[in-house]
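**Student:** Here the protein sequences line up with chains Z and F, keeping their order.
Throughout the first sequence, residue numbering follows the numbering used here, covering 757 to 1363 in sequence.
Throughout the second sequence, residue numbering follows the numbering used here, covering 22 to 217 in sequence.
Calculated from the structure, these hints are not laboratory results.
These figures come from a predicted structure and were not determined experimentally.
There could be a bad hint or two in this list.
List of simulated lysine-lysine pairs, DSSO-like, C-alpha gap at most 30 Å [as the list claims (entries may be wrong)]: (1) Z/K1298 x F/K202; (2) Z/K1331 x F/K133; (3) Z/K1331 x F/K143.
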Amino acid sequence: MKASELLEKSERVHFLLGNEAVVRGLYEAGVSVTATYPGTPSSEIGDLLYDVHNDLGIYFEYSVNEKVAFEVAASASSLGKRAFVFMKHVGLNVAMDSFVSLGISGVKGGFIILSADDPSLYSSQNEQDNRYLGKFAKYIVMEPSNPQELKDFVVQGFDISEATGQPVLIRSVTRVSHMRSVVRYGKVRERESTISKPDRRNTVLLPENSFRLQPLVFERLRKVVEQGFSRSFINIEGQGQDLIITSGSAYNSIKEALEMLGINATVMKIGISYPLDAEYIFSQIKNYKRIILIEEGGPFIEEQINSIIASKGLKKEIYGKISGDVPHNYEMNVDRVKGILAKIYGIPDKSTLINIDLPSRPPEFCPGCPHRASYYAAKIALRQKGWKDYISPTDIGCYTLGYYDPYGFGDMLLSMGSSIGTSNGYSIFYGKKVITFIGDSTFFHAGIPPIINAVHNNHPMIVVILDNSTTAMTGGQPTPENMGIKVKIEDVLRSIGIRNIHRTDPYDLKGTVETFKKAMDEEGVSVIISERECALEADRKKSKDELKIFQVNQDKCKLCYNCVRNFTCAAFYIKDKKVYIDPELCDGCSVCSEPLVCPFGAIEVVK
Amino acid sequence: MTSIVLAGVGGQGIITLGKILGEAAILEGKKALMTEIHGMAQRGGRISVDLRIGDYESAIIPNGSADAILGFELMETARNTFKLKSSGVIVANRRMIHPMPLIMKVQEYPEKESEEIISRFKHYYLNADEVAISVGEKRSLNMVMLGALYGVGILDVSEESLRQAIMASFSNTKVGEINVKAFEAGIATVNEEKIL
Chain Z
757 MKASELLEKS ERVHFLLGNE AVVRGLYEAG VSVTATYPGT PSSEIGDLLY DVHNDLGIYF
817 EYSVNEKVAF EVAASASSLG KRAFVFMKHV GLNVAMDSFV SLGISGVKGG FIILSADDPS
877 LYSSQNEQDN RYLGKFAKYI VMEPSNPQEL KDFVVQGFDI SEATGQPVLI RSVTRVSHMR
937 SVVRYGKVRE RESTISKPDR RNTVLLPENS FRLQPLVFER LRKVVEQGFS RSFINIEGQG
997 QDLIITSGSA YNSIKEALEM LGINATVMKI GISYPLDAEY IFSQIKNYKR IILIEEGGPF
1057 IEEQINSIIA SKGLKKEIYG KISGDVPHNY EMNVDRVKGI LAKIYGIPDK STLINIDLPS
1117 RPPEFCPGCP HRASYYAAKI ALRQKGWKDY ISPTDIGCYT LGYYDPYGFG DMLLSMGSSI
1177 GTSNGYSIFY GKKVITFIGD STFFHAGIPP IINAVHNNHP MIVVILDNST TAMTGGQPTP
1237 ENMGIKVKIE DVLRSIGIRN IHRTDPYDLK GTVETFKKAM DEEGVSVIIS ERECALEADR
1297 KKSKDELKIF QVNQDKCKLC YNCVRNFTCA AFYIKDKKVY IDPELCDGCS VCSEPLVCPF
1357 GAIEVVK
Chain F
22 MTSIVLAGVG GQGIITLGKI LGEAAILEGK KALMTEIHGM AQRGGRISVD LRIGDYESAI
82 IPNGSADAIL GFELMETARN TFKLKSSGVI VANRRMIHPM PLIMKVQEYP EKESEEIISR
142 FKHYYLNADE VAISVGEKRS LNMVMLGALY GVGILDVSEE SLRQAIMASF SNTKVGEINV
202 KAFEAGIATV NEEKIL
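Isolated chain Z (complex conformation) (with noise of 0.2 Å):
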């Protein structure tokens, strides 16, 4: 997207993804400092910031993790200024720590953070809702249900923000911040020109002050029901004899599923779910008899739906979470709506799924990938030393994927930073049979604090950092090594005192065998950088004269099969049981013709 459609100052409508609709909704928010660490689904908002925000005038940075970023704006919201960050829901794990204070402390200029949630877990750990930690400090929970929304509810909730001087926490899902629809711009704002230093009393967090700001912080609360902006954000819709309630995401199922059915009732849309109007709620829904609540994650709005009804002594039939009539886990969509609402209203539900029986195709390394390679040579070394008792931490980033067949590593996977982490406990029975693999972006983000603790404590370790100079699987942003003032990952191990530092190029399958082999006869803590740029980022900077393809010369080839077996790249196929390599997927990367894969000389190149 260029940044001009971004800045039209018309009103006309745009075709844009969830992602993109806010950062068009921080350019009308006026906001002033935006900060991410990438995450995929919260990544391409920091995609199209990195290229318009000058042009937006507007301040962004890829932090060095999540807690950074989130620090980065919280500062910027203690000056009077309009500030966002953004992450992947797990991303807030990181930043907990400052996002719980910034509750207590409350803020002065608008503040935003938004949490991309993976229901269904296309690309995550784990499928938390983090409306509940939204609750847990206090935030003002918003949950938009389209692009339309996400923009308008970034606008809105700076000015909520403002209002009652608590911080907001949009929660979108995959299915909001991945949806591409029509979006309306709406007016561009002022933005805010003066700064005020912080309120040192709010802002510092001593025993003292914060026992002071703990009942303020239930009175900021307050204001978002008083001043009827909780009420505000419900829709209700359609008119029947039960009541569905819904919010985010799961809204989006509930009116074609009941068209498809052919039943009436009444949707309220939840637009804030944090803190709700209970008097308002409860005038709406105290003359229905039945009430459905379908919703995208855990119980959240349902529990506090069943508080309500409790606390004011009426008898509802509830159907949610909780009674066992809704799925706890994975995203909605409109066949599992309709199969919950079939089943409540006792009507057959005649979809049938066809069963199509076809082969799997998991994700897997992309031709030409370095981390191919460096997996390849360490299982080498490993045979060659003898060792079959070893262990292999791993961590998050595209190499994750070593630990498919036919590569097979990775033992234990937490967090990000947690190969490392985990490589330290390992360490105290396993000693040097330790081998963890972490990426350079990864490596800045969460493996510092517990590689100075490996070498502190003295656990022994090899830790494999497989430097592409990139955070490849989110779609190749900067990392502390490749933008403005660069650090070295090399400098950071010296400084540490790690003597047995070894570089080596993965493409080079035999020189990093012997790195291995080496680093495996050292004693404490090894690193070995093995270092060669994405293949994705390397191949976009080629010239096509300089793209070369490789082919199995079908003479030499003895039908070994070990390149497809073992070495597995993405480019080669069967047919006819012999081994051929699609000159469409061919990188040109010339590993596979290494004597290593090939001992026949078999793999040659064409151009």
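Got chain Z sorted already, so can you dock chain F onto it with the hints?
**Tutor:** Same frame as chain Z, now just chain F:
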């Protein structure tokens, strides 16, 4: 009201196609909704895009209700037929991209099995990659596919709007023109009955 599933493998230009088709619908004052499903891989993983033109709220197409599948890769086309209604249409590219589990086990691509599944519905085949190369830009494969989809006559969007949306999506006019050429070549595959 039209619901279309675009299915294929990462790197085939599927999302760009969806965007252009949606933009074209909006030029005509229609509503458009789109959602993409893709896993962790940057390349080689499955991708499917649900695109709906008309007054919808759910971007995800219910099972058995899509009007068409535009399939960029044979097995992924077959895999997504659970979304298609019985009277729906498939426009399928002949391209086969072999998945890793088969390669690793020295197994062949399920070409016959995929074709059998596709044959349960009204379908058209084309070699979009070849057409794109003949136009002079293999990356314009997605516009060839868009042309074929338009050519089989299930789109409620005019050729002119599509052309306009294609041009608008490329900042470089020359690249835009090549893509319009690919789009036209895609339509021609239908008119000339090159579609098999």
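**Student:** What's the verdict on Z/K1298 and F/K202, does the C-alpha distance respect the 30 Å limit or exceed it?
**Tutor:** holds, 26 Å
**Student:** Hint check: Z/K1331 vs F/K133, CA-CA at most 30 Å. Holds or violated?
**Tutor:** holds, 13 Å
**Student:** What's the verdict on Z/K1331 and F/K143, does the C-alpha distance respect the 30 Å limit or exceed it?
**Tutor:** Cα-Cα ~29 Å, so holds.
Of the numbered hints given earlier, the model fails none.
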